[in-house]
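Enquirer: For the sequence shown, the UniProt record's numbering begins at 1 and goes up steadily by one.
Do not rely on the hints blindly, as some may be mistaken.
[Unchecked claim] Label pairs and their calculated CB-CB ranges:
1. Pro362 <-> Lys165: 29 to 35 Å
2. Tyr163 <-> Lys120: 33 to 39 Å
3. Arg221 <-> Gln274: 38 to 44 Å
4. His151 <-> Ala62: 50 to 56 Å
Bear in mind the hints are in silico, worked out from the structure with no lab data behind them. Think of the CB as a built atom: it goes at the ideal place given N, C-alpha and C, for glycine as much as any other residue.
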Amino acid sequence: MSQQLIRYGIVGCGSMGREHIENIRALGNARVTALADPHAPSLQAALAQLDAPVPTFSNAQALVQADLCDAVVIATPNFTHIDMMRAVLAQPDLHILIEKPLVTRVEDGLEMLRLAQGRKGIVWVAQEYRYMPPVAEMIRMTHAGEVGTVHQVAIREHREPFYPKVGDWNRFTANTGGTLVEKCCHYFNLMDLILKEQPLRVFASGAQRVNHLDEDYGGRRPDILDSAYVVVEYPSGARALLDLCMFAEGSMDNEHIVVVGDEGKLESLLPSLQLRHSRRADWGRRAAWGQPSGTGRGVSVRRVWDTNIRYPGQHFGASFIEHQQFARAVREGLPPEIPLEEGLRSVITGLAAHRSIETGLPVQLSELLPPGW
Numbered sequence: 001m002s003q004q005l006i007r008y009g010i011v012g013c014g015s016m017g018r019e020h021i022e023n024i025r026a027l028g029n030a031r032v033t034a035l036a037d038p039h040a041p042s043l044q045a046a047l048a049q050l051d052a053p054v055p056t057f058s059n060a061q062a063l064v065q066a067d068l069c070d071a072v073v074i075a076t077p078n079f080t081h082i083d084m085m086r087a088v089l090a091q092p093d094l095h096i097l098i099e100k101p102l103v104t105r106v107e108d109g110l111e112m113l114r115l116a117q118g119r120k121g122i123v124w125v126a127q128e129y130r131y132m133p134p135v136a137e138m139i140r141m142t143h144a145g146e147v148g149t150v151h152q153v154a155i156r157e158h159r160e161p162f163y164p165k166v167g168d169w170n171r172f173t174a175n176t177g178g179t180l181v182e183k184c185c186h187y188f189n190l191m192d193l194i195l196k197e198q199p200l201r202v203f204a205s206g207a208q209r210v211n212h213l214d215e216d217y218g219g220r221r222p223d224i225l226d227s228a229y230v231v232v233e234y235p236s237g238a239r240a241l242l243d244l245c246m247f248a249e250g251s252m253d254n255e256h257i258v259v260v261g262d263e264g265k266l267e268s269l270l271p272s273l274q275l276r277h278s279r280r281a282d283w284g285r286r287a288a289w290g291q292p293s294g295t296g297r298g299v300s301v302r303r304v305w306d307t308n309i310r311y312p313g314q315h316f317g318a319s320f321i322e323h324q325q326f327a328r329a330v331r332e333g334l335p336p337e338i339p340l341e342e343g344l345r346s347v348i349t350g351l352a353a354h355r356s357i358e359t360g361l362p363v364q365l366s367e368l369l370p371p372g373w
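When you get a sec, could you build the whole thing from the sequences and use the hints?
Expert: As structure tokens, then:
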């Protein structure tokens, strides 16, 4: 594989932008050569991470016009992604890694797809959860048939509330697309990937029960939900469930993914990095279930890690692996592993879940999908 230097521009130097900088620094044959952010403290914090000063800009368009980069990482607030992409997609050779969620509105995603047609540079949506070591191994084993035909996928995230952001922009649905878009598009994308299907229908129940209720921003009250259940149905009859609670800091493992097939079960747990696997055949026939356990019965448990990860960061090394794969695609002319269409579909599933909560009814994805999808 060619190892030519890749020059990166970072558009958005908040917490996620700075996380990307650390991953790029760990890659090798990669260098951050430009930064853009209208917020001076964020720019200064990003500059402090670098070994030498680089040019800084107040907006994406100025960074692109300076012609200092081969690739651009977009890590700005969700609702600004469309404006950033209008500026960056105009340069057809630039490679783009854009943070999730891709957009907050379907029409913005469709505009990005139109603008991206015919470009030489790849566009990759940063939905890195598939690269977390135990999750990646779970997906590999599932697709290898280790649990037979998959019928259920369940994902639980019990965690702390949203982190502070510049101006607390993430307190409002108008800025984020809603919690089930902002936070959970990762999980909807994982469901599709595990099942190798695209969802048909969503039913959800959720609310803002605990978090941010006492906050006030010039008369505006935060409106982001903090807890929900979402059921996603697929053409094969398989179903997936999301269980989200954002006032559950006291969890030993705050992310728990379960895949159940007709021949077995897989479980991935984070941050313990555990992967559990059981086979139904090991448990024998139903008539024997009440009998004393035999030596062949049980659940295998192992800790999964990738020793090639040079920077674990906030996502158990997943962002580093994603950057490795992105750089490989740039150097070898490969297609993106998470293209725009995939990023948009995960947003649409989240929007459908919010609509279901608002109406109290199941929502067909066809109600939100563009024609031909």
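Enquirer: Evaluate each hint against the coordinates.
Expert: How the hints compare with the structure:
1. Pro362 <-> Lys165: 29 to 35 Å: Between Pro362 and Lys165, where Cβ atoms are some 33 Å apart, the hint holds.
2. Tyr163 <-> Lys120: 33 to 39 Å: Roughly 36 Å apart at Cβ, these two residues keep to the hinted range, so it holds.
3. Arg221 <-> Gln274: 38 to 44 Å: About 39 Å separates the Cβ atoms of Arg221 and Gln274, which means 38 to 44 Å holds.
4. His151 <-> Ala62: 50 to 56 Å: holds (52 Å)
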